[in-house]
Every structure is written in C-alpha cells, then in structure tokens.
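**Student:** Given next are the chains, with one letter for each unit.
2 protein chains.
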Amino acid sequence: LKSSLECFPCFLQQALRAADRFAPSAAVKERIVMSVLKQLQAFDRNRTSPEMGAFINRTAREAVGVADLYAAEKRHSNRRVTAMLPKLQEIIVASPNPFETAVKAAIAGNLIDFTAPGGDVTTPLETLFEKAMAKPLMQLSGDAVSRLQTAAKSARNILYLMDNAGEIAADRLLIEMLPRGRVTAVVRGGPIANDALKEDALSVGIDEVAEIIDSGLALPGTLLHQCSDSFRSRFDEADVVISKGQGNFETLDFIPGKLFFLFVTKCVTVANYIGCDMGELIVSDRLK
Amino acid sequence: LKSSLECFPCFLQQALRAADRFAPSAAVKERIVMSVLKQLQAFDRNRTSPEMGAFINRTAREAVGVADLYAAEKRHSNRRVTAMLPKLQEIIVASPNPFETAVKAAIAGNLIDFTAPGGDVTTPLETLFEKAMAKPLMQLSGDAVSRLQTAAKSARNILYLMDNAGEIAADRLLIEMLPRGRVTAVVRGGPIANDALKEDALSVGIDEVAEIIDSGLALPGTLLHQCSDSFRSRFDEADVVISKGQGNFETLDFIPGKLFFLFVTKCVTVANYIGCDMGELIVSDRLK
Numbered sequence: 001l002k003s004s005l006e007c008f009p010c011f012l013q014q015a016l017r018a019a020d021r022f023a024p025s026a027a028v029k030e031r032i033v034m035s036v037l038k039q040l041q042a043f044d045r046n047r048t049s050p051e052m053g054a055f056i057n058r059t060a061r062e063a064v065g066v067a068d069l070y071a072a073e074k075r076h077s078n079r080r081v082t083a084m085l086p087k088l089q090e091i092i093v094a095s096p097n098p099f100e101t102a103v104k105a106a107i108a109g110n111l112i113d114f115t116a117p118g119g120d121v122t123t124p125l126e127t128l129f130e131k132a133m134a135k136p137l138m139q140l141s142g143d144a145v146s147r148l149q150t151a152a153k154s155a156r157n158i159l160y161l162m163d164n165a166g167e168i169a170a171d172r173l174l175i176e177m178l179p180r181g182r183v184t185a186v187v188r189g190g191p192i193a194n195d196a197l198k199e200d201a202l203s204v205g206i207d208e209v210a211e212i213i214d215s216g217l218a219l220p221g222t223l224l225h226q227c228s229d230s231f232r233s234r235f236d237e238a239d240v241v242i243s244k245g246q247g248n249f250e251t252l253d254f255i256p257g258k259l260f261f262l263f264v265t266k267c268v269t270v271a272n273y274i275g276c277d278m279g280e281l282i283v284s285d286r287l288k
Numbered sequence: 001l002k003s004s005l006e007c008f009p010c011f012l013q014q015a016l017r018a019a020d021r022f023a024p025s026a027a028v029k030e031r032i033v034m035s036v037l038k039q040l041q042a043f044d045r046n047r048t049s050p051e052m053g054a055f056i057n058r059t060a061r062e063a064v065g066v067a068d069l070y071a072a073e074k075r076h077s078n079r080r081v082t083a084m085l086p087k088l089q090e091i092i093v094a095s096p097n098p099f100e101t102a103v104k105a106a107i108a109g110n111l112i113d114f115t116a117p118g119g120d121v122t123t124p125l126e127t128l129f130e131k132a133m134a135k136p137l138m139q140l141s142g143d144a145v146s147r148l149q150t151a152a153k154s155a156r157n158i159l160y161l162m163d164n165a166g167e168i169a170a171d172r173l174l175i176e177m178l179p180r181g182r183v184t185a186v187v188r189g190g191p192i193a194n195d196a197l198k199e200d201a202l203s204v205g206i207d208e209v210a211e212i213i214d215s216g217l218a219l220p221g222t223l224l225h226q227c228s229d230s231f232r233s234r235f236d237e238a239d240v241v242i243s244k245g246q247g248n249f250e251t252l253d254f255i256p257g258k259l260f261f262l263f264v265t266k267c268v269t270v271a272n273y274i275g276c277d278m279g280e281l282i283v284s285d286r287l288k
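Residue numbers (the working numbering), protein chains in the order written: chain H, 1 to 288; chain W, 1 to 288.
Mixed in with the good hints there might be a few duds.
The list treats identical chains as one, so a pair stands whether inside a single copy or across any two.
As the list claims (entries may be wrong) - Derived lysine to any residue pairs resembling SDA-like cross-links, with alpha carbons at most 20 Å apart:
1) LYS2 / GLN226
2) LYS2 / ALA27
3) LYS258 / ARG182
4) LYS2 / ASP20
5) LYS131 / SER154
6) LYS153 / GLU211
7) LYS153 / ASP239
8) LYS2 / MET133
9) LYS198 / ASP20
10) LYS153 / LEU223
11) LYS38 / LEU5
12) LYS198 / LEU1
13) LYS131 / GLN226
14) LYS258 / ASN272
15) LYS135 / ILE274
16) LYS135 / PRO124
17) LYS2 / MET278
18) LYS135 / CYS267
19) LYS2 / ARG31
20) LYS258 / VAL64
21) LYS131 / ARG147
22) LYS2 / MET34
23) LYS135 / GLU100
24) LYS38 / GLU6
25) LYS2 / VAL209
26) LYS38 / GLN13
27) LYS38 / GLY257
For the record, the hints were derived by calculation from the structure and aren't laboratory data.
Construct the complete structure from the given sequences, taking the supplied hints into account.
**Tutor:** Listed below in structure tokens is the structure:
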C-alpha cells in the first residue's frame with residue numbers, strides 16, 4: 001500500500017510525539033522535526049508508510065542518542081499482557097468458537113502501540129483488551145477465520161509475523177491453537193518503535209510454542225526485498241503466513257495467496273482503503 | 001502569539017483540505033501541498049499562525065487560478081445567518097442580560113469557519129448556533145463582558161474587528177447594542193479563507209449600524225505593522241477595540257489595554273495557551 005500526501009500530517013505528528021517524549025531539549029526536538037520535514041520533501045510516495053515510520057524512529061533515536069527508545073515500555077507491556085493470559089485463556093476456552101476467540105485476543109493485542117496515530121497510550125491495557133474482546137471481528141472476505149483454521153490444519157510451515165511487544169503475549173494464545181511444531185514466529189531485525197524483538201518473544205515464552213527468527217529488518221513492517229535472504233526463503237517455503245499489525249499489512253498487502261492479515265485499523269488512510277472505520281479488528285486473506 | 005512546531009501538522013492539514021476541495025487534478029493538489037511543505041522549512045516561528053494561514057490560502061488560490069476560493073460559501077453563510085437574526089434577536093431580548101447574550105451570539109457566529117482545524121463545516125449553521133447559545137461564556141478575566149459594556153458606553157471610537165462571513169450578521173446584533181454612531185467595523189483588505197470582505201459587510205447591512213473600513217491586509221488576523229496606515233491610525237485613535245476570532249487574537253494578544261477578544265478556541269495550541277478546551281466561547285480583555 002503506497003503512502004500518500006494524506007500521510008504527511010501524521011508523519012509530522014509521529015515526529016512531534018517522539019520528540020516531545022524523548023528529546024532532552026528544545027533544540028533536539030527542533031532537529032528531529034525539521035529533519036523529518038526535510039525527508040518528507042524527498043519522500044517517494046510509491047514507498048510505504050512504515051518506511052517513513054522507520055526513518056522517524058531512527059531520526060529520534062540518533063538525535064537522542066538511545067539505541068532502543070521504547071525498551072522500558074516493551075518490557076512493561078510484555079509483563080502486563082502476560083499477567084492477563086489466564087483470564088484471556090478462560091474466555092477463549094469458554095467461548096462457542098475458541099479458535100475465533102483466540103484470533104480476536106491476538107488482534108486485541110495489536111491495540112498496544114506507542115507510535116501509530118490510532119495507538120492508545122492512555123487507556124490501561126486491561127481495559128483495552130476488555131473493550132476489544134467485546135467487539136465483533138470484521139472478516140473482510142467472508143469467513144476468513146475458518147479458512148485460516150482449515151489452512152493451518154494442513155500446513156507444514158506456518159510463518160507468524162509478529163508486531164508489537166505485549167501483543168506477542170496474546171499471540172502466544174493463538175499459536176497454541178495452531179499445529180504444534182509447525183509455527184515459526186518472526187520478530188523485527190532491530191529496535192523499531194515498540195515492535196517485538198527476540199528478547200521480547202523469549203520473555204513471554206514464544207520459544208516454548210514456536211521457533212523464533214527475525215526478519216533482518218528494523219522496520220515496522222515486512223518489506224520483503226529488504227529482509228534477510230534467510231527470512232525470505234522461510235517466507236517462500238511457508239504454506240500459511242499470519243501477518244499481525246497494520247505495518248505488515250501495508251508492506252505485504254500486494255502479495256497474493258497464503259497470507260492472513262490480523263490487525264487493528266490505526267489510520268484513516270488504511271481504514272478508507274479497506275472501507276471500514278478506525279479501530280476495527282480486521283481479519284483478511286486473499287483466498288477468496 | 002508565536003506559532004510553534006506543534007502547528008506544523010495542522011498547517012499541512014489545512015493545505016490538504018484546501019487542495020482536496022479546490023485542486024482540479026492530483027498534480028495541482030501535489031503542487032499545493034509540496035509548496036506549503038517547502039515553506040514550512042523556512043518558516044520563522046516568531047511569526048504567527050495566521051501568516052502561514054495566509055500563505056496556504058494564497059498558494060491554493062494561485063495554483064487553482066481562482067481569486068476568492070470561498071466566495072460561494074461566504075454568500076451562503078451571510079444569507080443563512082441573516083435568516084436566523086429574528087430568532088436570535090428574540091432570544092437576546094428575552095434574556096436576563098441582553099448585552100451578554102448578544103456577545104454570546106456574536107461569538108457563536110465565530111464557529112462558522114471553513115479552514116481552521118476546529119472549524120465545523122458539516123453541522124448545519126442553525127444547529128451550531130443553537131448549541132453555542134446553550135453553552136456558558138468563558139470570561140478569562142472576571143467579568144469581562146460587563147467591563148466591555150461599561151467601556152463602550154463612554155467610548156468615542158469603537159473599532160470592531162470582524163472575522164468570518166456569516167458571523168458578521170450575528171455581529172450586527174452586538175453592534176446594535178453599542179453606542180450609535182461610534183462604531184467602525186473592520187473587514188479584511190482582500191480575499192482570505194472565508195473572512196468577511198466589504199461586500200459581505202454590506203450584504204448583511206453593517207453599513208446601517210457602523211462605518212465600514214478594511215485593514216489593508218489579506219490575512220486571517222490583524223498584523224498591525226502590515227496593515228494600511230489609515231487603518232493603523234484608526235486603531236490608535238480607538239478607545240475600545242472589539243476583536244473577533246482566534247486569528248485576530250493570535251496577532252493582537254500582545255497589545256496592552258483597550259482590547260476585548262471574543263472568539264471560539266479552534267486549536268489545541270491556543271486552547272493550551274489560554275488554559276481551556278477547544279470550542280470554548282472566550283471573552284477576554286487586558287483591563288484587569
């Protein structure tokens with residue numbers, strides 16, 4: 001999904017939010033925002049929003065001189081969602097369709113976001129989950145959830161593209177409902193926003209339910225041509241790819257077949273593209 | 001009131017809104033937005049937001065090749081509010097404090113805005129007025145309304161700085177409660193957003209209750225050093241200046257004495273500066 005002029009105010013908002021949060025002085029804040037402004041002038045809009053997102057994050061990181069700006073938030077989110085797992089597990093087991101409810105819990109986790117315009121950083125995580133679990137799933141192409149369930153049953157290799165820290169604890173619940181021993185969980189190749197890294201995946205015990213690899217890319221999305229060769233072969237070999245988050249959707253939405261997108265719509269441009277509101281819990285595939 | 005980095009996303013939003021509305025092609029839209037983006041790089045933030053607002057409007061106007069983009073809206077607003085005057089007049093007369101109610105009606109008119117971030121272009125004008133009339137006035141410095149009433153009684157020259165078309169019809173109700181023959185109404189010196197020009201003032205009959213002059217400046221505010229000499233002497237001679245709208249506040253808020261600001265807060269930066277919410281009906285003076 002190409003970015004557009006409509007994304008520009010939001011890019012500046014992201015820069016301002018990061019600068020307000022992390023810049024130690026007005027001069028550093030100025031440097032971050034003006035640097036993003038300059039980059040916008042040259043930005044090729046055939047490229048995707050997550051690429052600009054990565055630039056904004058890198059700019060803030062370098063200006064502030066901290067390698068991983070959201071390290072503390074990530075640890076905090078991992079702990080908080082881990083503590084919710086027993087309750088979520090109970091809800092899943094008690095529900096009429098446990099697989100669908102696990103999908104919903106995994107998407108609810110996607111609400112944890114410290115940089116996207118639709119990311120809610122003020123509501124307690126417990127409330128975020130509670131509200132999300134009460135919402136209906138929006139399946140864009142008929143019964144995508146049951147198609148995912150069927151495809152996963154016969155798949156030899158399932159690739160699970162993870163998104164944010166915290167969220168990955170809820171992802172674990174869904175992975176546990178997929179065929180044992182066939183899931184590979186993919187984290188980012190380096191610090192970017194509050195996206196999950198290998199240490200996050202380990203801290204919520206993803207290694208107990210899946211192999212963990214990284215994409216080779218420090219970007220809030222999965223741009224295949226920039227990912228590592230080893231990740232790309234895993235992607236090619238996979239029978240089913242579960243893609244979490246809007247950033248992965250924006251960078252992979254043109255890839256036909258085998259992909260299932262699970263995410264919350266976090267900006268008006270993507271919501272309009274899909275034809276839904278902000279904050280919807282989306283499940284979409286291309287196996288129509 | 002100086003602008004700030006926080007204004008930048010909003011400037012881009014204004015450019016996008018104008019471009020979406022008026023650009024006949026994607027190429028023209030692109031030209032408008034990229035031109036504003038470039039200007040932001042060079043923008044001296046000791047300057048006020050209305051100066052950038054004027055640049056955005058001028059850029060859109062020149063790219064589209066139309067001298068007055070909002071001409072139709074302005075005529076429409078003038079007609080619609082004129083049709084509401086008998087009802088508003090009734091409310092004023094029946095109220096416990098007619099002068100204060102007239103002030104409120106004049107501020108309610110300030111909600112008519114086609115370019116500001118807080119401008120509401122979808123709600124019918126009648127509903128906008130109804131809601132605003134039901135809200136309390138926010139007097140920033142004690143009883144500013146009664147100080148205005150007292151100051152006006154003994155003033156020889158009252159300058160009334162008008163803001164938007166449509167709004168000026170409601171302004172007429174307030175002018176009618178000021179000493180007859182002592183009020184000069186000031187419109188903009190050229191087309192800018194939906195701000196009132198001389199033709200608008202005439203169309204709602206301001207000439208029947210006040211002398212009409214212009215500021216010599218096509219800007220959504222009153223930057224004294226850029227206004228015409230003749231306006232500046234009128235400003236200096238005035239005993240009381242009633243300043244309508246946020247743009248006039250942003251450009252005149254540093255002037256001590258004799259000014260009474262009547263406006264709706266339309267952006268977060270100004271609301272924070274004042275210490276109130278967006279959409280409040282503000283009355284403020286410096287005669288503390």
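**Student:** Could you figure out if LYS135 and PRO124 sit no more than 20 Å apart (CA to CA) within one copy, between two copies, both or neither?
**Tutor:** within (17 Å within a copy, 32 Å between copies)
**Student:** Have a look at LYS198 and ASP20 and pick one of within, between, both or neither, based on CA distance no larger than 20 Å.
**Tutor:** neither (28 Å within a copy, 43 Å between copies)
**Student:** At 20 Å max between alpha carbons, let me know whether LYS258 reaches ASN272 within a copy, between copies, both or neither.
**Tutor:** neither (24 Å within a copy, 49 Å between copies)
**Student:** Given a CA cutoff of 20 Å, do LYS131 and ARG147 count as a within-copy pair, a between-copy pair, both, or neither?
**Tutor:** The answer is neither: 26 Å in one copy and 50 Å across copies each exceed 20 Å.
**Student:** State whether the alpha carbon distance between LYS153 and LEU223 is at most 20 Å within one copy, between copies, both, or neither.
**Tutor:** Answer is neither; intra-copy 27 Å and inter-copy 70 Å both fail.
**Student:** Could you place LYS2 and GLN226 in one of the four classes (within, between, both, neither) given a Cα distance threshold of 20 Å?
**Tutor:** For LYS2 and GLN226, the Cα distance is within 20 Å only inside one copy (16 Å; across copies 43 Å).
**Student:** Is it within, between, both, or neither for LYS131 and SER154, if the alpha carbons may be no more than 20 Å apart?
**Tutor:** neither (33 Å within a copy, 60 Å between copies)
**Student:** Within, between, both or neither: how does the pair LYS38, GLU6 come out at a Cα-Cα threshold of 20 Å?
**Tutor:** both (17 Å within a copy, 16 Å between copies)
**Student:** Within a copy, between copies, both or neither: which one fits LYS258 and ARG182 at a CA-CA cutoff of 20 Å?
**Tutor:** Result: close within a single copy only, 15 Å intra versus 77 Å inter.
**Student:** Is it within a copy, between copies, both, or neither that the alpha carbon of LYS153 lies no farther than 20 Å from that of GLU211?
**Tutor:** within (18 Å within a copy, 82 Å between copies)
**Student:** Given a CA cutoff of 20 Å, do LYS2 and ARG31 count as a within-copy pair, a between-copy pair, both, or neither?
**Tutor:** between (27 Å within a copy, 19 Å between copies)
**Student:** When no copy is specified for LYS198 and LEU1, does a C-alpha distance of 20 Å or less occur within a copy, between copies, both, or neither?
**Tutor:** neither (27 Å within a copy, 48 Å between copies)
Checked against the numbered hints above, the structure violates hints 5, 8, 9, 10, 12, 13, 14, 20, 21, 25 and 27; every other hint is satisfied.
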